[in-house]
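As given, the protein sequences belong to chains A and B, one line each in that order. The numbers in our numbering rise by one with no breaks, and the one at position 87 of the first sequence is 261. The numbers in our numbering rise by one with no breaks, and the one at position 400 of the second sequence is 392.
One should not assume that every hint holds.
Away from chain B, derived, C-beta distances all over 12 Å, residues of chain A [as the list claims (entries may be wrong)]:
id	residue
1	Asn212
2	Gly268
3	Leu273
4	Arg286
5	Cys301
6	Tyr444
In silico DSS-like cross-links for lysine-lysine, where the CA-CA straight-line distance does not exceed 30 Å [to be verified]:
id	chain 1	residue 1	chain 2	residue 2
7	A	Lys380	B	Lys367
8	A	Lys306	A	Lys276
9	A	Lys186	B	Lys451
10	B	Lys367	A	Lys186
11	A	Lys354	A	Lys283
12	B	Lys0	A	Lys299
13	A	Lys291	B	Lys368
14	B	Lys275	A	Lys283
15	A	Lys439	A	Lys235
16	B	Lys367	B	Lys451
17	A	Lys283	B	Lys0
18	B	Lys368	A	Lys306
19	A	Lys250	B	Lys275
Derived by calculation from the structure, the hints in this document are not laboratory data. Quick caveat, the model's predicted, so the values are computed rather than measured. Even glycine gets a Cβ: it sits at the ideal position worked out from N, Cα and C.
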Amino acid sequence: MTILEINNLTKKFGSFTALDNVNLKVEKGEICGFIGPNGAGKSTTIRILLGILKATEGRAKIFGKDAWADAVEIHKRIAYVPGDVNLWPNLTGGEVIDLFIKLRGTNNKSRREELIKRFDLDPTKKCRTYSKGNRQKVALIAALSSDADLYILDEPTSGLDPLMERVFQECILEAKNAGKSVLLSSHILSEVEKLCDKVAIIREGKIIETGSLIDLRHLTRAHLHVQTKLPMTSLHEVVGVHDVEVDGQSYSIHVDSEELDEVMKYVSQYGIIGLESAPPTLEDLFMRHYEGVSVGVGGAV
Amino acid sequence: MSNQLFTKTGILSRFILRRDRLRIWIWLFGLVAITLLVAQTFVDLYGSEEERQAIAETMLNPAMTAMVGPAYGIDNYTIGAMFAHEMFLFTAIAFGLMSILLVARHTRADEEDGQIEMIRSLPTGRLSNLASTVLVMNGVNVLIALLIGFGLYGMGIESMDLEGSLLYGAALGATGIFFTAVTAVFAQLTENVRGTIGFAFTVLGVSYLVRAVGDVGNEMLSWLSPLGWVLNTEVFVSNYWWPLVLTIITALLLVLLAFYLNAIRDLGSGFLPAKSGRRHASKFLQSPLGLMVRLQRTSLIAWGIGMFILGASYGSVFGELETFFGDNEMLAELIAPIEGFSLTDQFIPMIMSIMAMLSTIPALMAMNKLIGEEKKNRTEHMLGRAVSRTRLIASSLVVSIVTSFVMLSLAAIGLWSAGNAVMEEGLEFGTLYGAAMVHLPAMWMIIGLAALFIGAVPKFIGLTWLYLIYSFIVVYLGGLLQLPDWLGNLSPFGQIPNIPVEDMDYMKVSILVVIAMFAAVIGFVGYNRRDIEG
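The task is simple: from the sequences and hints, build the whole structure.
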């Protein structure tokens, strides 16, 4: 069942195109990672999903309803955590959590207390005294203590310490196991890799990759360390081999996934002594997409 | 060691000037221009001695004394004496406001936002930021004082000699310097900028009230008020400089206190402790409406008390008003009483419209709070949950409308209770309350306009304040400056019938209500259609 669906979404601010023909789908029980550099359009997409911004063209649907027109109905079943949590300086954390829970409509007292304990928050302090991490905890506790069907999280852990980040990951996996869906925008790639079933990469307002992590790995290069008996003099000429580093008889290379078979055939002619393979990390993928192509749109430098 | 406390004060001062170049120019230009324009108007309007002497007699009544300070030099009421009497106190308050707002902005506000932390991590002294703020503000006050002083003298008005003109400017500047110092101290005491501005405004307000009560009744009391001191310069008549010495020395001591407090405290902390808060939200808080009320609770209570006191202080002079006019036959003829109405009755509409315009301030603040929340990215917490836009803007509107009603009522009740106590015949509550409530449609029109801007063109929300200020100028000063009627008619407050002297005009009042509703509806539609920014 499709929980969230974005079709050909375009958003313009004046003459500036923030989102250009964006498509995205999140199924039930799925955690979808949403990654991209600052200013790529992640928050704009999320704010359109929340009905806070109005799409210039295209549609965003959640639970089969229109994100703009049926915002209030949709919001009864979703929980949102912004990346930059601004709270009212003269209210306490506890008051804000209660207010947020109440505004969604449901109320789960024991869950609230449990989360306050797990995230180690002092709810009697005024928000003005909270650090960024503590303000994020307030928003997370309010979101997680609601019984939502879809969680929209915009860089929710950017201010949390590693311990709290783990608590967050546990909570998200619990939600997934309970059949909830999550749209997680994040810069912390290890987190996305650990949690997400699916990843969408956005850059300069366009979705440039989307698919499961396994799918995406095929698009990138494997990282191999090879030691051979005989020297491989023309290794760099083999199709699909990149970034060759030689240290005596030991080679470090990047190989296009689709050429892996051919490359291995070539290498094995020289007598393999040792072979290590590192799977492409999301970071490799990320970097590959961000570097190189960035000239043109933003930079006439 | 100790000289390191002020390292880089010079650079920071330039930085403040750079950040505030527009703000400072606006204050400077506004204060100088209004002073000189009004002086010129007085020359045009009250050229002959007879005209001035007639005004002088009316100025002697206690209500005027409470409002603008004691009259002096009344035997020979020159343009200078008249100008100083009617303009000085309000201009001094404007200087106070300017100093409070600018000092709070560069001290506690920056500290709260973490900007001082950045500055302090650089090789700057611990007191440099406060020192540069005080330095710049004192410089600005001195500069405006000199411009006003030489400006007035340069106009070549006979009764405004060089010494008097400079003293006029100096007394204003001294007031600004005094409130710079007051704000600097509160910036150390309180933990947030709201507290700083709140306490400083309280000092300003109490100074005005203490002086008002003192000037009417007990002169000793006026000496407790810093505004009382500067009024005692008796500019253009006696030209006493020594009260300014008192003001400046006190300001100096306060600045030293502020430096001391700043030096001994931790960055980000204050001396008035913040107490631990509630673990749970009360039932009341758990809705957008409750939140809007709660966020403004302190400010609304303070305004409520303020409006009641203001009403009461106007009311307290009513008794003397009647006696005063009763004793003075010549005056009684001059004012030409309208058949069937007492002199008090004739003063009521004026006082009520002032109180209504002041009551509009908290009501407008309540409405415009929605934009403030949006700018701070906090409306998304509401709209990201099951709250519709209509419900959100309606919550603000309800708070604003109720505020307008409550504030005006408190002012009217304050006026009635004090007036009733001091007058022999007493005041009829119904008439008085009606004379106040008739202003509600005008207040609502401004609120409706604010709703329209919030929904349709949030960028221009500042215009609502300009419109209110405009109303105040044309309605309050319109008579004095003899402005043409149409200027007053452009303000909703100019359309309100002068109850109880005039008859109720249901037509005009209903039109105002309809305009207000129409504007609010456009605002609601617009708010439902536009992007939320932030």
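Comparing the hints with the structure gives:
1. Asn212: holds, 16 Å
2. Gly268: violated, 4 Å
3. Leu273: violated, 5 Å
4. Arg286: violated, 9 Å
5. Cys301: violated, 9 Å
6. Tyr444: holds, 57 Å
7. Lys380/A to Lys367/B: Distance ~27 Å between Lys380/A and Lys367/B Cα, so the pair holds.
8. Lys306/A to Lys276/A: holds, 23 Å
9. Lys186/A to Lys451/B: Distance ~19 Å between Lys186/A and Lys451/B Cα, so the pair holds.
10. Lys367/B to Lys186/A: Holds, at roughly 20 Å.
11. Lys354/A to Lys283/A: Holds: Lys354/A and Lys283/A sit about 20 Å apart, inside 30 Å.
12. Lys0/B to Lys299/A: Not OK: Lys0/B and Lys299/A at ~36 Å, beyond 30 Å, violated.
13. Lys291/A to Lys368/B: holds, 29 Å
14. Lys275/B to Lys283/A: holds, 14 Å
15. Lys439/A to Lys235/A: violated, 49 Å
16. Lys367/B to Lys451/B: Satisfied, since the Cα-Cα distance of roughly 11 Å is no more than 30 Å.
17. Lys283/A to Lys0/B: Violated - the C-alpha atoms of Lys0/B and Lys283/A are around 53 Å apart, more than 30 Å.
18. Lys368/B to Lys306/A: holds, 15 Å
19. Lys250/A to Lys275/B: With Cα atoms ~20 Å apart, Lys250/A and Lys275/B stay inside 30 Å; holds.
This entry does not satisfy hints 2, 3, 4, 5, 12, 15 and 17, going by the numbered hints stated previously.
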